[in-house]
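Reconstruct the complex from the two isolated chains, following the hints.
Chains as they are written, first to last, in the numbering used here: chain A, 1 to 157; chain B, 1001 to 1183.
Think of the hints as simulated: they come from the structure by calculation, not from any bench.
The structure displayed is predicted, hence computed values, not measured ones.
There may be inaccurate statements among the hints.
As the list claims (entries may be wrong) - No more than 25 angstroms apart at the CA atoms, straight line, and that leaves these computed lysine-lysine pairs for DSS-like:
1. B:1149 x B:1135
2. B:1124 x A:23
3. B:1091 x B:1058
4. A:23 x B:1165
5. B:1007 x B:1061
6. B:1089 x B:1061
7. A:11 x B:1124
8. A:28 x B:1091
9. B:1124 x B:1173
10. B:1173 x A:11
11. B:1180 x B:1165
12. A:11 x B:1165
13. B:1135 x A:23
14. B:1058 x B:1011
15. B:1149 x B:1173
16. B:1180 x A:23
17. A:23 x B:1149
18. A:11 x B:1091
19. B:1124 x B:1165
20. B:1089 x B:1174
21. B:1091 x B:1124
22. B:1174 x B:1124
23. B:1149 x B:1007
24. B:1124 x A:28
25. A:11 x B:1174
26. A:11 x B:1149
27. B:1149 x B:1091
28. A:23 x B:1011
29. A:11 x A:23
30. A:11 x B:1058
31. A:23 x B:1173
As the list claims (entries may be wrong) - To give a feel for the contact side, a few chain B residues facing chain A, derived at Cβ under 10 angstroms:
32. 1065
33. 1066
34. 1126
35. 1150
36. 1165
37. 1173
38. 1180
Think of the CB as a built atom: it goes at the ideal place given N, C-alpha and C, for glycine as much as any other residue.
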Amino acid sequence: MKNTENHNEPKLNLKGLSEASLKRNAFKTPDGYFENLTPRIMESVRASEQPSANPKYNWRRILVPSFGIAAIALTTWFFLLPAENPVPNFDVVLASLSVEELAEYTDLNASELVSYELVSYNELTLDESSFSNQEIIEYLSTEEEIELNTIIDEIEI
Amino acid sequence: MTDDQDKDLLKRFRDSSSRNMAFSELVNRYQERLYWHVRRIVIDHDDADDVVQNTFIKAFKNLDRFREDSQLFTWLYRIATNEALTFLKGKRKNIFVSLDDVSHHLSSQLEEDPGLSGDAIQLKLQQAILTLPTKQRLVFNMKYFDEMKYEEIAEVTGTSVGALKASYHHAVKKIEAFVKQPF
Chain A
1 MKNTENHNEP KLNLKGLSEA SLKRNAFKTP DGYFENLTPR IMESVRASEQ PSANPKYNWR
61 RILVPSFGIA AIALTTWFFL LPAENPVPNF DVVLASLSVE ELAEYTDLNA SELVSYELVS
121 YNELTLDESS FSNQEIIEYL STEEEIELNT IIDEIEI
Chain B
1001 MTDDQDKDLL KRFRDSSSRN MAFSELVNRY QERLYWHVRR IVIDHDDADD VVQNTFIKAF
1061 KNLDRFREDS QLFTWLYRIA TNEALTFLKG KRKNIFVSLD DVSHHLSSQL EEDPGLSGDA
1121 IQLKLQQAIL TLPTKQRLVF NMKYFDEMKY EEIAEVTGTS VGALKASYHH AVKKIEAFVK
1181 QPF
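Chain B extracted, bound-state conformation (with noise of 0.2 angstroms):
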């Protein structure tokens, strides 16, 4: 299932003399596309800095045991995914609502963010992201953004296809509602 590059990365990996330089170069590879991911879901910068660097150690201690039965890639996603609402999770807990209702504190931190570009629709189409529930909102940013195929985002979250496409066709429909709204 993993791609020639890959493959090659991984088995200099099993190798003790080229361990680093190979995760070295799978950390180049696919630090910003991670990144990317994780700042959709979690926002703030600082704090998808903080989840991506946890996800690569995490990636470290475990790709001895990645059995490539799926992509490298989406592997990466899943534990970037897990990081990201683990962390989620953790701001839940102080600020005591659901993790779904952590999107309005996220919206409000959107509009705060210095690091956000001051395009007015792009900022009301984040804020629709934000109003889908968790699930929704992961399978629309791995979907629209990271133009990833179904079978692909099936092995990040392990749902079916079928319920991936109807989770997708809602997300669409909620955001074009939402962005209607007046500003």
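The shape of chain A in the complex, shown without the other chains (with noise of 0.2 angstroms):
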């Protein structure tokens, strides 16, 4: 691999030394150095290519991210964590009033509130007498097969 290229590049002179000398190697290796060099490279590259005999578990590579997944998650999971439902059940609701709350409430009588399966018959605790006997006569015609008995024990005739 000679240089072939054009001769006008400057050629190093150095006083008078020749070129031959001044390129001589001005360093040494141990005796051999060569003869050994290939086996101790092919050597270097089977071992850089073997898997690493032990394997160490690196536990800080494992542990760190884990407990950073774990940290996330946890705050995840309590700022995502639903809220109290603030839309109560109407159930709930209708079963904390008492029958009068809901009366004012719905603005509907008793027999209505029946009617309209807002409250149970049976949870009726109002006075009696503030029910007219109309009231009663319609409450009981509109429930089917109440006998006419009934009605009559009902408004005490």
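In structure tokens:
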């Protein structure tokens, strides 16, 4: 691979010393170095191909990300946990109200509350005297299969 | 771009049955040239030995990907140069100076190196080379000692031929000026 390029390039000129003497190798190597170099390099190449015989588990590399993932999951769960349902269950609210409160709120009388099935008949603790006979007759007459005797009994005719 | 012998080596390397034998031949063919190239960069023999071994390990792992756009030896030179410079950067960390200032460290190492021949002018020349900036030093070594063509050096360094010529010119002038200084 001799240089065949143009000869205009600068030549190193040191005190008239010949190029050959300047290019003489200044460095030394241990005896027989190059004879043994190929087998040593091939040994290194083979060693680099071998997977590590005793791969030590780097627990830190496993635990640190695990803690990180756990922390993220915990934080997400904490912030995204559904808050107590702001819309109360209708049946629960209904059960918590007294018949009077319900009647006042809905502007319905007791018989209307029963007929709309907002309260059951048994829940009515209102003073029956507060109902007129006409109201009782109207209520009972809306119920099917109520015999006339029942109506008579209710209004204590 | 690769010569016939290299092409044959590469062909056998790609065959798993002859892979190791082919690589062993490749090492045998290029080990000495690469060693001297690396030795001129890192100066110390043991360091050069380590760098050359790493160079061939990397070459073995990447040879399948060598596309033959360049010559095999310039590809190997590129790996060796990168490995040597990486080694020097590691050394820089230990002595807390810039990469070019590593040359002062190497220069003092040069004087103590039992592996250097006792020729005074050789020592002076190597010290002069070590005063050059890293890239100029690489260019000078490849041009002057390895007698590589500018086109080949361009493949190794990724620098234009024009820039390499200018770099070599400056290097020669600096070395002459340094050597003219009294011993």
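Verification of the supplied hints:
For the given pair, residue 1149 of chain B sits about 16 angstroms from residue 1135 of chain B by alpha-carbon distance, which is consistent with the 25 angstroms threshold. For the hint linking residue 1124 of chain B to residue 23 of chain A, the alpha-carbon distance of about 13 angstroms falls within 25 angstroms, and the restraint holds. As the CA atoms of residue 1091 of chain B and residue 1058 of chain B are separated by approximately 20 angstroms, the hinted pair is consistent with the 25 angstroms bound. Pair hint residue 23 of chain A plus residue 1165 of chain B holds up; C-alpha atoms about 20 angstroms apart against a cutoff of 25 angstroms.
For the hint pairing residue 1007 of chain B with residue 1061 of chain B, the CA-to-CA distance comes to about 18 angstroms; that is within 25 angstroms, so the pair holds. Simply put, residue 1089 of chain B and residue 1061 of chain B have alpha-carbon atoms about 23 angstroms apart, close enough for the 25 angstroms limit, and the pair holds. Only pairs whose Cα atoms come within 25 angstroms are accepted, and residue 11 of chain A paired with residue 1124 of chain B is accepted, the gap being roughly 17 angstroms. Straight-line distance between C-alpha atoms of residue 28 of chain A and residue 1091 of chain B comes to about 22 angstroms, which keeps the hinted pair within the 25 angstroms bound.
For a cut-off of 25 angstroms, the pair hint linking residue 1124 of chain B to residue 1173 of chain B stands: about 15 angstroms separates their Cα positions. Proposed proximity of residue 1173 of chain B and residue 11 of chain A is supported: the alpha carbons are some 9 angstroms apart, at most 25 angstroms. Distance hint between residue 1180 of chain B and residue 1165 of chain B is fulfilled; the C-alpha atoms sit about 23 angstroms from each other, no more than 25 angstroms. The suggested pairing of residue 11 of chain A with residue 1165 of chain B holds, with an alpha-carbon distance near 12 angstroms, which does not exceed 25 angstroms.
With a C-alpha separation of about 20 angstroms, the suggested pair residue 1135 of chain B and residue 23 of chain A falls inside the 25 angstroms cut-off, and the hint holds. Annotation: proposed proximity of residue 1058 of chain B to residue 1011 of chain B holds, straight-line Cα distance about 18 angstroms (limit 25 angstroms). The straight-line distance between the Cα atoms of residue 1149 of chain B and residue 1173 of chain B is roughly 20 angstroms, inside the 25 angstroms bound, and the hint therefore holds. In summary, the hint linking residue 1180 of chain B to residue 23 of chain A is supported, as the alpha carbons are separated by about 18 angstroms, within the 25 angstroms threshold.
In summary, the hint linking residue 23 of chain A to residue 1149 of chain B is supported, as the alpha carbons are separated by about 17 angstroms, within the 25 angstroms threshold. Restraint check for residue 11 of chain A and residue 1091 of chain B: not satisfied, since their Cα atoms lie roughly 33 angstroms apart, outside the 25 angstroms limit. Restraint check for residue 1124 of chain B and residue 1165 of chain B: the C-alpha separation of about 24 angstroms stays at or below 25 angstroms, so the hint holds. For the proposed pair residue 1089 of chain B and residue 1174 of chain B, the alpha carbon gap of about 24 angstroms is at most 25 angstroms, so the pair holds.
About 23 angstroms separates the Cα atoms of residue 1091 of chain B and residue 1124 of chain B, which keeps this hinted pair within 25 angstroms; it holds. In summary, the hint linking residue 1174 of chain B to residue 1124 of chain B is supported, as the alpha carbons are separated by about 13 angstroms, within the 25 angstroms threshold. Using a Cα cut-off of 25 angstroms, the hinted pair residue 1149 of chain B and residue 1007 of chain B holds, with the two alpha carbons roughly 21 angstroms apart. Between residue 1124 of chain B and residue 28 of chain A the alpha-carbon distance is near 16 angstroms, which keeps this suggested pair within the 25 angstroms criterion.
Annotation: proposed proximity of residue 11 of chain A to residue 1174 of chain B holds, straight-line Cα distance about 12 angstroms (limit 25 angstroms). Between residue 11 of chain A and residue 1149 of chain B, the direct Cα distance comes to roughly 15 angstroms. Compliance with the 25 angstroms bound is thereby established for this hinted pair. As the CA atoms of residue 1149 of chain B and residue 1091 of chain B are separated by approximately 30 angstroms, the hinted pair breaks the 25 angstroms bound. Between residue 23 of chain A and residue 1011 of chain B the CA atoms are separated by roughly 35 angstroms; this puts the pair beyond 25 angstroms, and the hint is violated.
Between the alpha carbons of residue 11 of chain A and residue 23 of chain A the distance comes to roughly 12 angstroms, so the proposed pair stays at or under 25 angstroms and holds. A C-alpha spacing of about 36 angstroms is found between residue 11 of chain A and residue 1058 of chain B, which places the hinted pair above 25 angstroms, so the restraint is violated. Simply put, residue 23 of chain A and residue 1173 of chain B have alpha-carbon atoms about 17 angstroms apart, close enough for the 25 angstroms limit, and the pair holds. Taking 10 angstroms as the C-beta cut-off, the interface hint given for residue 1065 of chain B is violated, the closest approach to chain A being about 16 angstroms.
Because the closest C-beta pair between residue 1066 of chain B and chain A is about 16 angstroms apart, greater than 10 angstroms, the hint is violated. Hint status for residue 1126 of chain B: holds, given a least beta-carbon distance of 5 angstroms to chain A, under 10 angstroms. Hint status for residue 1150 of chain B relative to chain A: holds, with the closest Cβ pair at about 6 angstroms, below 10 angstroms. For residue 1165 of chain B, the interface hint holds, the least distance from its beta-carbon to any beta-carbon of chain A being 7 angstroms, beneath 10 angstroms.
Proximity of residue 1173 of chain B to chain A holds as hinted, the smallest CB-CB distance being about 7 angstroms (cut-off 10 angstroms). Taken as an interface hint, residue 1180 of chain B checks out: its beta carbon lies about 8 angstroms from the nearest beta carbon of chain A, inside 10 angstroms.
Comparing the model with each earlier hint shows violations of hints 18, 27, 28, 30, 32, 33; every other hint is respected.
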